Amino acid sequence: MSKGKSMDASKRIEMQFSVLRTAAAILISLVIAFILIATVSDNPGGDFVTLLTGPLHNSSRMTTIVSKFIPLLFTGTAICLVNSAGQINIAAEGAFFAGAVAATMVGIIPGIPVVIHIPLCVLAGAAAGAVIMGIPGILHVKYNVVTIVAALMINYVALYLGLYIILNPLRDPAAGFEASYPFAESTSLPTLFGNPRIHIGLILGIIAVIAAYLLLYRTGFGLVARTVGNNNKFAVYSGMPVGKTIIGISLFAGCLAGVGGTVETLGNYQRFMYTDFTNHGWDGVMLAVLCHNKPQYMPLAALFLAYIRTSADALNFSSSVPPEIIEVIQAVIIIFVAAEKFLAGWEHKAIVKNSQKELGTQGGE
Amino acid sequence: MPDKQSLFDGIKIGDDMLTMEHITKIYENGFVANSDVNFNVRKGEIHGLVGENGAGKTTLMKVLFGQENPEEGRILLAGQEVKIANPLDALDYGIGMVHQHFMLVDNLSVADNMVLGGEPVKGALYNRKEARRMALEVSQKYDLEVDPDAIVGDLSVGYKQRVEILKILLRGAKLLLMDEPTAVLTPQEIKELFIQLKKLRDQGFSIVFISHKLNEIREICDRITVLRMGKSMGTADVKDVTEVDISRMMIGRDVMLNIEKAPAKPQDVVLKVRNLDHLNREGRYSFSDISFDVRAGEILGVAGVEGNGQSELSDVIAGLLPIQGGDVQVCGESIKGKKSIRQIRTMGVSMVHEDRMTYGVSRNQSIEENIMADRYYQKQYKKLGLLDRRKQDAESRQYIDDFTVKCDGPDAAVKTLSGGNIQKVVAAREFTSHPKFLLACQPTRGIDVGAAEMIRKKIVGLRDNENTAVLLFSADLTELLTVSDSIFVMYGGHIVAYFPDAKQVDEQMLGEYMLGLKKQSAEEIGGVIFE
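Just so you know, the protein sequences line up as chains A and B, in that order.
Each residue of the first sequence is one higher than the last, beginning at 2 in this note's numbering.
Each residue of the second sequence is one higher than the last, beginning at -8 in this note's numbering.
With the rest of the complex left out, here is chain A:
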């Protein structure tokens, strides 16, 4: 009986269609993008080329891609982790913000040596992020609060508490605008490739991705987390420590998001200047969907998003196309890629055809 073989082939077809689905989604969204550009642009051909290849035209834009890529690694991975455990914990936005605030609180202290000061900032950011993402997890485990609601609310706590701290005790009246005191010299992050805009956060981000992958797929903790996400009741019945794991993974995800906020702030600014959410957390939610919650795909997804964001900047700079168009394109791509049943009809036909072919070859048995 070649049932096993046919199942294998089906898995292969599913994989092919997964790739095909993403490719088709991007293609369709580009067609829509072209139509949109054509309706608003004086030079649709040129602008479309800018959309596709604009980020590669000069090294400054390529640096921008990397710069946009770094924080996405952190928030995207954080959301992958909590989603894997079935927690719709979207507090990565607040955790990222809180991380930036905590890093600022430590970062403006003068007179600490570099080798201690940067780790201290990172630790502070991680701790603040852990608190913000940990709270919804703890509330869910202890009091059965719906995680997404708690996470949504805690985001605002993080935002306004953070803004209060920045705009009151930490506000620099000499800055001339709403910002904190400047960071101490000793907090400026080491840079890579001799490029002042690419900082050590890139390496930390890659480490975060690898750590998250190992945690999820190579440790007992990760096995429990994924089991909880797939079938909570089964996890309970097997004797797994469900509550501890949910809290643990929320805290760890919060650490990652907090560190993301830390390196983003210290790496790109002289002082804390945010006045609202940075949207990195929401981007993380979107990226996690694109990756099916698998951290190993996060660099690819984050790179993709950073690329089209940079395209948007390029278009904005060089043409009459408004950046909102890029937002529309992004949304279309996400919708198509996230739609599991997209192309499902073709996929099913391919599987049926394959199974029938195998049935035919079996006929002689």
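By construction, these hints were calculated from the structure, which means they are not laboratory data.
In this text, all values refer to a predicted model and were calculated from it rather than measured experimentally.
All C-beta atoms, glycine included, are put in the ideal place defined by N, C-alpha and C.
Just to be clear, a hint being listed does not mean it is correct.
PhoX-like cross-link-like pairs, simulated, lysine-lysine; straight-line CA separation at most 25 Å [unchecked claim]: (1) Lys373(B) to Lys295(A); (2) Lys374(B) to Lys295(A); (3) Lys354(A) to Lys427(B); (4) Lys374(B) to Lys234(A); (5) Lys245(A) to Lys327(B); (6) Lys406(B) to Lys354(A); (7) Lys234(A) to Lys406(B); (8) Lys245(A) to Lys370(B); (9) Lys397(B) to Lys354(A); (10) Lys373(B) to Lys245(A); (11) Lys350(A) to Lys327(B); (12) Lys143(A) to Lys327(B); (13) Lys330(B) to Lys245(A); (14) Lys74(B) to Lys354(A); (15) Lys245(A) to Lys374(B); (16) Lys222(B) to Lys350(A); (17) Lys406(B) to Lys295(A); (18) Lys350(A) to Lys406(B); (19) Lys330(B) to Lys143(A); (20) Lys427(B) to Lys234(A); (21) Lys234(A) to Lys330(B).
Derived list of chain B stretches under chain A, where covered just means 3 residues or more per stretch with a C-beta under 8 Å from a C-beta of chain A [to be verified]: (22) 345 to 353; (23) 361 to 369.
Given the coordinates of chain A, assemble chain B onto it according to the supplied hints.
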């Protein structure tokens, strides 16, 4: 298109009513559920559709009932080709289905339930009087007695099934599809059902009777069609074949219908349950004052109609529900208080939950991860703080062999397996942790004969080789009587009978206690306590 309502009017008893030709159905994951199946039902016959689980019986019926679209094949009703797009279509053609899980609203009356979906109205309002009249009429016409005013939630399972049958008769069904209708019934209720079905047959109805219980098929069916691995193994008159013939057609080899097993040699008490109570959310006792012991090297069976407290009792023993009153001890240690399921399991307890897909496995995860779920944290499965994949892989492969799980390998997702193979994965986990006490709830429910046979043998093997104390909950009385050494019966949340020797009992005797017709003396019941 032929006229839906009157399609069956012209045909006589014995004529072909339904013909399904060359049906092929392939699911999304490539699983070939039906392959070139031919199936035919005559007017006025009870036709058994027989096969192991995963053989394609239910799929074939879903195709007929418009719930699945076949890739190939055609359906003829009274000789005319028809397209059945959905269940409403099927009902219009006169095809009705009695599902294993009843489609009834518990807090409505019998009459209300029967007219649901085609309610009589007076103006804009529901006409309750008319509904009552319709219910009574159809009940009298087919000689299936029901009280139209009774509330469905208060009725027994057998009674509910009768309401379900009347409901589809009221909708004008001429061809009744019954998906394992006896799975939830007691022997007495099964007898009653068979009388009703025969009455319907004699009035010209056709019935497709899905089952894998050979004795029932022999008793009730006129003809049978056997499916095996999605293919039809042929159709036969029941009077021309024996049970052994049927089982050979079903699984392609002879099966032992009886388990060989030596008498038990019970030793010390392992599980001790004392005065256990449980109040459910509605504030009613699901069971109360339950006391019994299970000894090492003994299989104690629990019989009872579903809903008499067994599910709650097993969940309390497993630690899934808290102990509210009384005590449960494993080897002298109480599980009361803060004990987590991990702690209970490390006391030497293994458990098979009756709800396999919810508590038994995580369907999206691999076989390996499902097997490792209760032991991944132990030192032997770790290396440098990470999981030792090689060790886990090797052990999983071993268990896949030992338990003959049919799969692509340990990385295959559990959802790609058939029901029997999924239960083998559960067994591969729960039976291999050297349990002192095994809680086995409906361990073979809904799985094929071959897999069930293996699981029963493994349970007996645990008793003999590892001296495990086993508490077996089963709705399958044949299984209960062959596997158990001793049996107690639950009715209304109490133990109403205890039989120290299962060999001295038969289904008929159990049935009387299960229905609450009889109750043993306190002294007899007390025999189940040894300490």
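Each hint, compared with the structure:
1. Lys373(B) to Lys295(A): This hinted pair holds, its Cα atoms lying about 23 Å apart.
2. Lys374(B) to Lys295(A): Distance of about 23 Å is within 25 Å: holds.
3. Lys354(A) to Lys427(B): violated, 50 Å
4. Lys374(B) to Lys234(A): violated, 28 Å
5. Lys245(A) to Lys327(B): Cα-Cα ~21 Å, so holds.
6. Lys406(B) to Lys354(A): Given that 25 Å is the threshold and the Cα spacing comes to 22 Å, the pair holds.
7. Lys234(A) to Lys406(B): Roughly 16 Å separates the two Cα atoms, so the pair holds.
8. Lys245(A) to Lys370(B): holds, 20 Å
9. Lys397(B) to Lys354(A): Given that 25 Å is the threshold and the Cα spacing comes to 23 Å, the pair holds.
10. Lys373(B) to Lys245(A): holds, 20 Å
11. Lys350(A) to Lys327(B): violated, 55 Å
12. Lys143(A) to Lys327(B): With Cα atoms ~20 Å apart, Lys143(A) and Lys327(B) stay inside 25 Å; holds.
13. Lys330(B) to Lys245(A): holds, 15 Å
14. Lys74(B) to Lys354(A): holds, 22 Å
15. Lys245(A) to Lys374(B): Distance ~22 Å between Lys245(A) and Lys374(B) Cα, so the pair holds.
16. Lys222(B) to Lys350(A): Roughly 21 Å between the alpha carbons, so the hint for Lys222(B) and Lys350(A) holds.
17. Lys406(B) to Lys295(A): It holds: about 20 Å lies between the C-alpha atoms, which stays within 25 Å.
18. Lys350(A) to Lys406(B): holds, 21 Å
19. Lys330(B) to Lys143(A): holds, 17 Å
20. Lys427(B) to Lys234(A): Answer holds: Lys427(B) to Lys234(A) is near 24 Å, not above 25 Å.
21. Lys234(A) to Lys330(B): The given pair, whose Cα atoms are some 17 Å apart, holds under the 25 Å limit.
22. 345 to 353: That given contact holds, which follows from 5 residues of the region 345 to 353 of chain B lying within Cβ reach (below 8 Å) of chain A.
23. 361 to 369: holds (count 5)
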